[in-house]
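**Student:** Listed below, chain by chain, are the residues.
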Amino acid sequence: MENAIAIPFEEDPARTAEEKAADALIVSLDGYEGPIDLLLTMARDQKVDLRQISILALAEQYLAFVEKVRKLRIELAADYLVMAAWLAYLKSKLLLPAIPNAEGEEELSGEALAEALAFQLQRLEAMQKVAKQLFERPQLGLNRLPVGLAGLADQAPVAVKWQANLFDILDAYGAITRRANPKTYDIKTWPLMSMDEATMRLANMIGHMPSSQWKELWKALDAFMPNEDDATLNTRSAMASTLTAALEMVKQEKINLKQEGLFGPIYISLREQTQDAANDA
Amino acid sequence: MMLDPNDDTRDLRVLEAALFASREPVNTDKLKTFLPHLEGAGIHALLAKLKQDYADRGVSLEESEQGWAFRTSADLAESLQTLRVEERKLSRAAMETLAVIAYHQPLTRVEIEGVRGVATSKGTIDMLLETGWIKPGRRRETPGRPLTWVTTPAFLDHFGLESIVDLPGLDDLKAAGLLDRRPAVAVTADLFDEEGGAVLASEDSEDDYAEESEEAAA
Amino acid sequence: MMLDPNDDTRDLRVLEAALFASREPVNTDKLKTFLPHLEGAGIHALLAKLKQDYADRGVSLEESEQGWAFRTSADLAESLQTLRVEERKLSRAAMETLAVIAYHQPLTRVEIEGVRGVATSKGTIDMLLETGWIKPGRRRETPGRPLTWVTTPAFLDHFGLESIVDLPGLDDLKAAGLLDRRPAVAVTADLFDEEGGAVLASEDSEDDYAEESEEAAA
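Residue numbers (numbering that gives the first Met the number 0), protein chains in the order written: chain E, 0 to 280; chain A, 0 to 217; chain L, 0 to 217.
Careful, some of the hints might be misleading.
Stated by the list, open to error - No farther apart than 30 angstroms at their CA atoms in a straight line, the calculated lysine-lysine pairs in the DSSO-like style are these: (1) E:LYS250 / E:LYS218; (2) A:LYS50 / A:LYS31; (3) A:LYS29 / L:LYS173; (4) E:LYS128 / E:LYS250; (5) A:LYS50 / L:LYS50; (6) A:LYS31 / L:LYS50; (7) L:LYS31 / E:LYS160; (8) E:LYS128 / L:LYS88; (9) L:LYS31 / A:LYS134; (10) L:LYS48 / A:LYS50; (11) L:LYS173 / A:LYS48; (12) L:LYS50 / A:LYS48; (13) E:LYS257 / E:LYS67; (14) A:LYS88 / L:LYS29; (15) A:LYS173 / L:LYS88; (16) L:LYS31 / A:LYS50; (17) A:LYS31 / E:LYS160; (18) L:LYS88 / A:LYS88; (19) L:LYS88 / A:LYS31; (20) L:LYS29 / A:LYS134; (21) A:LYS29 / A:LYS48; (22) L:LYS173 / E:LYS131; (23) A:LYS50 / L:LYS88; (24) E:LYS160 / A:LYS48; (25) E:LYS160 / L:LYS50; (26) E:LYS131 / A:LYS173; (27) E:LYS257 / E:LYS90; (28) E:LYS131 / L:LYS88; (29) A:LYS134 / A:LYS173; (30) E:LYS160 / L:LYS29; (31) E:LYS128 / E:LYS90; (32) E:LYS160 / A:LYS88; (33) E:LYS218 / E:LYS257; (34) L:LYS48 / A:LYS88; (35) A:LYS134 / A:LYS121; (36) E:LYS128 / L:LYS173; (37) L:LYS29 / L:LYS48; (38) A:LYS31 / A:LYS88; (39) L:LYS50 / A:LYS29.
I should point out that these hints are in silico values taken from the structure, not numbers from a laboratory.
Because the structure is a prediction, the values reported are computed rather than measured.
Excised from the complex, chain E in its bound form (with noise of 0.2 angstroms):
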């Protein structure tokens, strides 16, 4: 008795400063414009020249990152993860010897991939840079104001001059334009797999499945996917609702889930509880 109280009493602070920690990240994360931003400013805290910067050591901080946010289980915009694939990529490129592809075509090199990131990093920040400078400057209309009469010698005016600029032509065709076309109001739906609807299927999958089925104990998580063999948005998103759904149920102790490597297939097997449960059935 005494230690089932006393487990709960350990864990639950500890939730609740990973959930503070948690909502941390996620106001940080909304501060960064994207991927590349927030692998600046990582690189800025190494506080060294960013030519000079190691961008193996930065994409290990990255890929660190992002596997930290994922213990949380922060969902991270799907941008965030594509940076992360590349940089493992590129760290693979880099930590391996360069080898020819099927055609004998030489791919880019590690080092001229790490380039092209070092360089792109540089020039972001310079950009960021200048644009701090630029609004520094004494703007008009806030320190420097414009200077206008209150009145002239002789009021009564002789000219018309026609106000309009650039985006009030724009703008007035861009309402003609609505206005013709008002089913661009319409909000498209998407043949999307959600995550209700992955999770429903894998576990009537499994549930389903002949207890002899699992003899060979791991099955490729492909084989849970829909007969659909095209690279559609509709197939990326099935392929990743299902694996979302998969973790899920490992998280409730149902199946386990194993990856031999990097972009490796995945693959799924059943907790022994739920074998026999399957066997009862």
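Go by the hints and put chains A and L onto chain E.
**Tutor:** This is chains A and L only, laid out in the frame that chain E set:
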């Protein structure tokens, strides 16, 4: 110039700048808000000094019932005739008509109405003719030989365009947010399809979506 | 200049009055219409004299690509806060996009995204257009003839720059090779594609840049 903030010179400069930057005459109470450390007498002394400084210049400081204001000096009126210009804004209808002519020229009045979906009053074309931004083009070789309308070089000049093809196209307007009110997810999907997955991050996409849904609902 | 000193004074006063009467900058051609008997050189001499006269006053004569204009002196900003026209708070994305356009112009939307590493959200270009600080430049002579964006004279005026070469740090950035518009590292680069390999710059981008730098220098 290393000025003591309490120096008379700075006060005089503030007063001068405040008077020049105001479109309407400024009364002494209002002037005091710019120089809260001064008494009314101090303000008046500065105004007298300022008036003196400008006695022989092209503008002079004058006091009226509404307050103090700089005006062009009376003896220059003749040389400044062309300054007496009244600024007027184009009506929304004129703006739209101008936009349609710019994008679809040459086109006839009936065609303009077709694009805008509204009848064009004669006053609208007249107003545009007055701006010097449009002119009649060739007659269309169809029954009735209707007149077409085109933009002028003055149009390009006024709007800072080198040529009429430099007007942003529909796709550009869409990207600039001037046309399209579709939710952001569709745009992301477009990127996927066109560029083979080379999608960059879509910033603020959720905010965009929320904003536009509200607009649509309104 | 063999002018009657009295005439000279009157010319200066006319110029002064004309400049004070306009809230917008006035270019030399327009100024000449007030003083038709003067040559360009004469006008410039008077403008230089006028600028000198106002060097220590509350307003200063500023020159930009749009022309000449009197503005309240920047050091008085604090005292004139209540007269501020409009405090437009731009988003960080908009400020960064503006800087990218200013330093790399002319460049296309896709190139802007390449430099920033993030898709341009709707409303960013829109907002910058509305400020009047950017406008469409020439279309790029590449497939699709994409529109380029450039800054306007109003941009220079707003930030108190006489010309685009006065942008802070421009020379250093150019020397460091950081004003290259080559696309971002294609992060997604069809990782799961047979083609493999991240695509870098399209081959002609550097040539493009060199060409336009020369144009800018000319």
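**Student:** Next, verify each hint and record whether it holds.
**Tutor:** Evaluated hints:
At roughly 18 angstroms between alpha-carbon atoms, LYS250 of chain E and LYS218 of chain E fall within 30 angstroms of each other, so this suggested pair holds. A distance of roughly 17 angstroms separates the Cα atoms of LYS50 of chain A and LYS31 of chain A; the hinted pair therefore holds under the 30 angstroms criterion. Between LYS29 of chain A and LYS173 of chain L the alpha-carbon distance is near 49 angstroms, which puts this suggested pair outside the 30 angstroms criterion. For the hint linking LYS128 of chain E to LYS250 of chain E, the alpha-carbon distance of about 44 angstroms lies beyond 30 angstroms, and the restraint is violated.
Between LYS50 of chain A and LYS50 of chain L the alpha-carbon distance is near 20 angstroms, which keeps this suggested pair within the 30 angstroms criterion. For the hint pairing LYS31 of chain A with LYS50 of chain L, the CA-to-CA distance comes to about 28 angstroms; that is within 30 angstroms, so the pair holds. Restraint check for LYS31 of chain L and LYS160 of chain E: satisfied, since their Cα atoms lie roughly 19 angstroms apart, inside the 30 angstroms limit. Taken as a hint, the LYS128 of chain E and LYS88 of chain L pair is honoured in the structure, with Cα atoms around 18 angstroms apart against an allowance of 30 angstroms.
Our distance criterion of 30 angstroms between C-alpha atoms is met by LYS31 of chain L and LYS134 of chain A, whose separation comes to about 28 angstroms. Taken as a hint, the LYS48 of chain L and LYS50 of chain A pair is honoured in the structure, with Cα atoms around 21 angstroms apart against an allowance of 30 angstroms. Among the hinted pairs, LYS173 of chain L with LYS48 of chain A is inconsistent with the structure: their alpha-carbon atoms are about 50 angstroms apart, more than 30 angstroms. With a C-alpha separation of about 21 angstroms, the suggested pair LYS50 of chain L and LYS48 of chain A falls inside the 30 angstroms cut-off, and the hint holds.
With a CA separation close to 19 angstroms, the supplied pair LYS257 of chain E and LYS67 of chain E stays within the 30 angstroms bound. Only pairs whose Cα atoms come within 30 angstroms are accepted, and LYS88 of chain A paired with LYS29 of chain L is accepted, the gap being roughly 22 angstroms. Taking the CA atoms of LYS173 of chain A and LYS88 of chain L, the gap is about 23 angstroms. The hint holds against a cut of 30 angstroms. About 28 angstroms separates the Cα atoms of LYS31 of chain L and LYS50 of chain A, which keeps this hinted pair within 30 angstroms; it holds.
Of the pairs offered as hints, the one joining LYS31 of chain A and LYS160 of chain E is violated, with about 36 angstroms between alpha carbons and a cut-off of 30 angstroms exceeded. Distance check on the hinted pair: LYS88 of chain L and LYS88 of chain A sit about 26 angstroms apart at the alpha-carbon level, within 30 angstroms; holds. Restraint check: the Cα-Cα separation between LYS88 of chain L and LYS31 of chain A comes to about 29 angstroms, which is no more than 30 angstroms; the hinted pair holds. Distance hint between LYS29 of chain L and LYS134 of chain A is fulfilled; the C-alpha atoms sit about 24 angstroms from each other, no more than 30 angstroms.
Distance restraint check for LYS29 of chain A and LYS48 of chain A: the Cα-Cα separation of roughly 18 angstroms lies within the 30 angstroms cut-off, and the hinted pair is therefore satisfied. Taken as a hint, the LYS173 of chain L and LYS131 of chain E pair is honoured in the structure, with Cα atoms around 18 angstroms apart against an allowance of 30 angstroms. Our distance criterion of 30 angstroms between C-alpha atoms is broken by LYS50 of chain A and LYS88 of chain L, whose separation comes to about 38 angstroms. As the CA atoms of LYS160 of chain E and LYS48 of chain A are separated by approximately 36 angstroms, the hinted pair breaks the 30 angstroms bound.
Our distance criterion of 30 angstroms between C-alpha atoms is met by LYS160 of chain E and LYS50 of chain L, whose separation comes to about 28 angstroms. Of the supplied pair hints, the one linking LYS131 of chain E and LYS173 of chain A holds, its CA atoms being roughly 28 angstroms apart against a limit of 30 angstroms. Our distance criterion of 30 angstroms between C-alpha atoms is met by LYS257 of chain E and LYS90 of chain E, whose separation comes to about 22 angstroms. Proximity of LYS131 of chain E to LYS88 of chain L is assessed by CA-CA distance (about 13 angstroms); at most 30 angstroms being required, the pair is judged to hold.
Between LYS134 of chain A and LYS173 of chain A the alpha-carbon distance is near 29 angstroms, which keeps this suggested pair within the 30 angstroms criterion. For the suggested pair LYS160 of chain E and LYS29 of chain L, the alpha carbons sit about 14 angstroms apart, so the restraint of at most 30 angstroms is met. Taking the CA atoms of LYS128 of chain E and LYS90 of chain E, the gap is near 29 angstroms; set against the 30 angstroms cutoff, the hint holds. A C-alpha spacing of about 8 angstroms is found between LYS160 of chain E and LYS88 of chain A, which places the hinted pair at or below 30 angstroms, so the restraint holds.
A threshold of 30 angstroms between alpha carbons decides the hint, and for LYS218 of chain E with LYS257 of chain E the separation of about 10 angstroms falls inside it, so the pair holds. Between LYS48 of chain L and LYS88 of chain A, the direct Cα distance comes to roughly 36 angstroms. Violation of the 30 angstroms bound is thereby established for this hinted pair. Between LYS134 of chain A and LYS121 of chain A the CA atoms are separated by roughly 14 angstroms; this keeps the pair inside 30 angstroms, and the hint holds. Between LYS128 of chain E and LYS173 of chain L the alpha-carbon distance is near 14 angstroms, which keeps this suggested pair within the 30 angstroms criterion.
For the suggested pair LYS29 of chain L and LYS48 of chain L, the alpha carbons sit about 18 angstroms apart, so the restraint of at most 30 angstroms is met. With a C-alpha separation of about 35 angstroms, the suggested pair LYS31 of chain A and LYS88 of chain A falls outside the 30 angstroms cut-off, and the hint is violated. At most 30 angstroms may separate the alpha-carbon atoms for a hinted pair to count; LYS50 of chain L and LYS29 of chain A meet this at roughly 29 angstroms.
The structure fails hints 3, 4, 11, 17, 23, 24, 34 and 38 (numbered hints given earlier, in ascending order).
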